[in-house]
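J.: What follows is the residue order along each chain.
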Amino acid sequence: MFAIAAIALLIAMFLGLARLFKGPTLYDRALAVNAFGTFTVLFIGVMGFLNQRPDFLDISLLYALINFAGTIAILKFFRYRALGDVPQKPEGDQ
Amino acid sequence: MQAMIIEALSWIFIISGAIFLLIGAIGIIRFPDFWSRLHALSVCDSAGMILLVLGMMLQAGLSFITIKLAIIGVFLFITGPTATHAVANAAFMSGNRPKSYKDDKQEEENA
Amino acid sequence: MIKAILTLLSLAILWVLMSGLFKPLLLILGAVSILITYFFMRRMNKIEDEPITIALKPFKFLGYCIWLLKEIALANWAVTKVILSPRMPIRQNLFSIPHSQQGDMASTIFANSITLTPGTITVETEPGYFLVHALSFSEDDLDALADMDGHVAAIEDQRYFKTPSYQSTHEKVED
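Chains as they are written, first to last, in the working numbering: chain A, 1336 to 1429; chain B, 278 to 388; chain C, 3 to 177.
Hints are computed from structural coordinates only; laboratory data are not their basis. Given the structure is predicted, the values throughout are model-derived calculations rather than measurements. Beta carbons are placed, not taken as given, at the ideal position from N, Cα and C, and that holds for glycine. Just to be clear, a hint being listed does not mean it is correct.
What the hints assert, rightly or not - Between beta-carbon pairs, the in silico distance windows are:
| # | chain 1 | residue 1 | chain 2 | residue 2 | range |
| --- | --- | --- | --- | --- | --- |
| 1 | C | 33 | B | 372 | 43 to 53 Å |
| 2 | A | 1359 | C | 90 | 40 to 50 Å |
| 3 | C | 69 | A | 1414 | 41 to 51 Å |
| 4 | A | 1338 | C | 88 | 28 to 38 Å |
| 5 | A | 1417 | C | 18 | 32 to 42 Å |
| 6 | C | 59 | B | 347 | 15 to 25 Å |
As the list claims (entries may be wrong) - Here are some of the chain A residues that sit facing chain B, going by a computed Cβ distance under 8 Å:
| # | residue |
| --- | --- |
| 7 | 1338 |
| 8 | 1352 |
| 9 | 1356 |
| 10 | 1360 |
| 11 | 1363 |
| 12 | 1367 |
| 13 | 1374 |
| 14 | 1401 |
| 15 | 1408 |
| 16 | 1415 |
| 17 | 1416 |
| 18 | 1417 |
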């Protein structure tokens, strides 16, 4: 049963990668990275069950944290061209 | 008897979760534009993730593993929509506007 | 003071749940990392201007979670049908929906619930209303979202909003 789930997740990850290469706009790629991260988190968890090694769940939790922070960091960089303190802009001027 | 019911339930949850994740991935490939792809991602983030994590929790039984799975599930439950909203808002801010169904209708009438 | 002890205690519980081992070396490492985390939290709270208040009714919140899971299941079915149908009947639309929550926490929950339900995504938040993008829009969506708005407003604890100033209510809660 875990083997079926792992194969389905692998196919889903490849579809996400295909969108990552094909995606016409930047935001399509950001979306594909986000989806790929979610698939990977679940894939690592399933692999832990498949190999009878539940320690993999720690890696999966860490990957979930890094994936979220990474997505937000990429989008912040797109918008402000800076990762640290955001340069102050007047209200409503984007 | 009870063990069998739990086993069957976890089977159902894991297989249906995998199917929903696959459907979401197909949606990410098939949909024609960015704004509809966001909705396909939302299927993976909610239904697929919840069902798969629930199935794994049933399979693990009562232990530390279940708690870790619950923490992963709650974390993904909160951050999934937040990340989706961040992508959508960034695209909206950069001037990427969705086509509304009224525009589609007008195009069809013109054509 | 009570807040500091509660924070340290919850961090310690989290460490024990995540490691599950009781060797002396690991416990010492855990204590050090808890103290470092607490130091960073203190530093963050100094930078943040407005403290966050969780003004929710706990039992109603649990009921809302169950209701939300049911909504997610129904919406998933609808979006799955759109993805798998050969013609993909997409009717995209962008519309604004008013929200009636008073606190930041409850309006965040409402916006996140909209995004979590497949088929609708919160695109932009303005004071008083959200811009929502729908995949297959119909007039019923407006009613469904207004219904969800009512559900979220019901889990808010009104006691926190009696006094006009947000800051003064927070100090009262902390005692």
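J.: Work down the list of hints and note, for each, if the structure agrees.
T.: Right, here's what the structure says about each hint:
1. C:33 - B:372: 43 to 53 Å: With Cβ atoms ~51 Å apart, the hint holds.
2. A:1359 - C:90: 40 to 50 Å: This hint is violated: roughly 18 Å between Cβ atoms.
3. C:69 - A:1414: 41 to 51 Å: With Cβ atoms ~35 Å apart, the hint is violated.
4. A:1338 - C:88: 28 to 38 Å: holds, 30 Å
5. A:1417 - C:18: 32 to 42 Å: holds, 39 Å
6. C:59 - B:347: 15 to 25 Å: holds, 22 Å
7. 1338: This interface hint is violated because 11 Å lies over the 8 Å limit.
8. 1352: Nearest chain B Cβ about 10 Å off; hint violated.
9. 1356: violated, 11 Å
10. 1360: holds, 6 Å
11. 1363: Because about 6 Å separates residue 1363 of chain A from the closest Cβ in chain B, which is inside the 8 Å limit, the hint holds.
12. 1367: Hint holds; residue 1367 of chain A Cβ to chain B Cβ min 7 Å, cut 8 Å.
13. 1374: Since chain B brings a Cβ to about 7 Å from residue 1374 of chain A, closer than 8 Å, the hint holds.
14. 1401: violated, 11 Å
15. 1408: This hint is violated: residue 1408 of chain A lies away from chain B, its Cβ roughly 10 Å from the closest one there, beyond 8 Å.
16. 1415: violated, 10 Å
17. 1416: violated, 12 Å
18. 1417: Hint violated; residue 1417 of chain A Cβ to chain B Cβ min 15 Å, cut 8 Å.
When held up to the earlier numbered hints, the structure conflicts with 2, 3, 7, 8, 9, 14, 15, 16, 17, 18 and fits the remainder.
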